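Asks: Spelled out from the first residue to the last, the chains are:
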Amino acid sequence: MSKTRFATVWMDGCSGCHMSFLDMDERILQIAPLIDLVYSPLVDAKVFPENVDVVLIEGAVSSEEDLEKILKVRTRSKFLIALGDCAVTSNVPGMRNQFTVEEVETRAYIENAGYNQHIPHEVIPALLPKSRPVHEFVNVDLFVPGCPPPADAIFHVLSELLAGRVPDATEVSKLTRFGK
Amino acid sequence: MAVTTLKIDGKEVSANEDETILDVAFQAGIKIPTLCHIEGLTDIGACRMCIVEVAGSNKLQPACTTKVKDGMEITTQTARLKKYRKMVLEMLFSERNHVCAVCVSNGNCDLQTLAVEHDLTHVRMPYLYPKTEIDASHEWFALDQNRCVLCQRCVRVCDEIEGAHVWDVSGRGVQSRVITGLNEPWADSDTCTSCGKCVQVCPTGALSNKGKATGEMTKHREFLPYLAQRRHDHK
Chain A
1 MSKTRFATVW MDGCSGCHMS FLDMDERILQ IAPLIDLVYS PLVDAKVFPE NVDVVLIEGA
61 VSSEEDLEKI LKVRTRSKFL IALGDCAVTS NVPGMRNQFT VEEVETRAYI ENAGYNQHIP
121 HEVIPALLPK SRPVHEFVNV DLFVPGCPPP ADAIFHVLSE LLAGRVPDAT EVSKLTRFGK
Chain B
1001 MAVTTLKIDG KEVSANEDET ILDVAFQAGI KIPTLCHIEG LTDIGACRMC IVEVAGSNKL
1061 QPACTTKVKD GMEITTQTAR LKKYRKMVLE MLFSERNHVC AVCVSNGNCD LQTLAVEHDL
1121 THVRMPYLYP KTEIDASHEW FALDQNRCVL CQRCVRVCDE IEGAHVWDVS GRGVQSRVIT
1181 GLNEPWADSD TCTSCGKCVQ VCPTGALSNK GKATGEMTKH REFLPYLAQR RHDHK
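Chains as they are written, first to last, in this note's numbering: chain A, 1 to 180; chain B, 1001 to 1235.
For the record, the hints were derived by calculation from the structure and aren't laboratory data. Hints are not guaranteed to be accurate.
Residues from chain B shown here face chain A by an in silico Cβ test under 8 Å; the list is partial [unchecked claim]:
1) A1101
2) T1121
3) V1123
Footprint (simulated), chain B over chain A, 3 or more residues, beta carbon under 8 Å [what the hints assert, rightly or not]:
4) 45-57
5) 88-96
6) 130-138
7) 143-154
Computed from a predicted structure; not experimentally measured. We put the beta carbon where it would ideally sit given N, CA and C, even for glycine.
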């Protein structure tokens, strides 16, 4: 049997969802033989490849880079999972949405900067007007809320998918929720 | 008081004519989801979580404010009801900034519990991200409009039980906000007795005790049915 081409993506989140993924501990050994990890912050691939079977998305869509990335990831992936509250609701990154980008940048780079106060316009990707959940931009196949989603929820979802089943929302709701 | 008989989810029940569908269902052990309802306060049908189907009517009725009638046939759990209840929850989540992960009521929130019970894993409407205020002027309590669902439990408990009527609602539609006094800082309210009943009945983290971190705020509501009964006996 060919391995499932599996990827994880880190956008505007704290990496807590990836930590929770690693918190599956020894259960990763059950999953590892069934997948080929083709792209992830945990491996060295620089370009998101074609023909990905399952992708976990951590983080909200907050910058031009995130937007470009999520559009590309969607076209190259069969089953896309919004993992964690930032991807599902925009969560903490979305707390800046009550302010304009200019107000946010002024606060971060000028008011709170002790030295070299200026708003960068190069290298750092430009912020979108609002930080928004993934499904407001692309179709999402499964939502796994939680901050972060517990390792049990991630393991359940991946086990189901690797066994050829689509996990349903009722089962996911038993294992995680907004803010869990 | 005339006694009527009716059916809820196929179960024959008897009731007094002045009782609501929600009262009778509760006594019969039939659970209807609620949010603005709380035992001890007058029901106002604000949240629409308790909608039920009544045979012969195409309109969905709120169980908390609909009185029973003889021969009524009520259904409390259908795909249609679940669909609309879920939609209500989604609108509540999208209308304010419910950032559960950093909320004082995380894990002890009626809105969160309802979301889980309705398998709500995401919100289909675009979030509004309104600019909302926090009033932390009171010595002991804080009001966070980001988490308010406009259930008006605070308004009712302050009016009906404490008798102070500090709380009310200003504005309309999505602009509605609970306010203290004549829309002045809570600390400036001459009528607030600082009893804290509003904080305890609030279903979310909109009203909390100061000094609580994420998930630390738990509400205690045991006092309410007792005080409501005492008020009722007094009238």
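Asks: Hints first: check each against the structure and report whether it holds.
Replies: Hints and how they fare:
no. : hint    : verdict
1   : A1101   : holds (4 Å)
2   : T1121   : holds (4 Å)
3   : V1123   : holds (7 Å)
4   : 45-57   : violated (count 0)
5   : 88-96   : holds (count 7)
6   : 130-138 : holds (count 5)
7   : 143-154 : holds (count 4)
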